[in-house]
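Novice: Sequence:
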Amino acid sequence: MAKDIHFSDTARTGLFTGVTKLADAVKVTMGPRGRNVLIQKSYGAPHITKDGVSVAREIELSDTLE
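Counting in the working numbering, the sequence shown runs from 1 upward without gaps.
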């Protein structure tokens, strides 16, 4: 598989976009008033959690740069 190498603004904006998407998904679970999140996989029953790490692990971004 070929590797994509990105430099400067392209790399910075792509990485920033990915981190922002991840932070938006995880931030609702943080703190004493954190909300529950429903994680639906392609198999099995949905999983309800308040754990930000579980939410972050389940996120798959379509762009490899993100």
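I should point out that these hints are in silico values taken from the structure, not numbers from a laboratory.
Just so we're clear, the structure is a prediction, and the values are computed from it rather than from any experiment.
Don't be surprised by glycine CBs; every beta carbon is placed ideally from N, CA and C.
Hints are supplied without guarantee of correctness; some may be wrong.
[To be verified] With beta-carbon atoms standing in for the labels, derived distance ranges:
id, residue 1, residue 2, range
1, D4, A25, 39 to 49 Å
2, S8, Q40, 34 to 44 Å
3, K50, I5, 35 to 45 Å
4, L61, L38, 24 to 34 Å
5, S8, V28, 31 to 41 Å
[Said to hold, decoys possible] With a cut-off of at most 25 Å between alpha-carbon atoms, the simulated PhoX-like pairs for lysine-lysine come out as follows:
id, residue 1, residue 2
6, K21, K3
7, K27, K3
8, K41, K27
9, K21, K41
10, K27, K50
Novice: Now look at each hint and say whether the structure bears it out.
Specialist: Hint by hint, here is what the structure shows:
1. D4 to A25: 39 to 49 Å: 24 Å, violated
2. S8 to Q40: 34 to 44 Å: For S8 and Q40 the Cβ distance comes to about 38 Å; the hint holds.
3. K50 to I5: 35 to 45 Å: 38 Å, holds
4. L61 to L38: 24 to 34 Å: 19 Å, violated
5. S8 to V28: 31 to 41 Å: Roughly 33 Å apart at Cβ, these two residues keep to the hinted range, so it holds.
6. K21 to K3: 23 Å, holds
7. K27 to K3: Roughly 32 Å between the alpha carbons, so the hint for K27 and K3 is violated.
8. K41 to K27: 21 Å, holds
9. K21 to K41: Answer holds: K21 to K41 is near 19 Å, not above 25 Å.
10. K27 to K50: 10 Å, holds
Hint compliance for this structure: hints 1, 4 and 7 are broken, all remaining hints hold.
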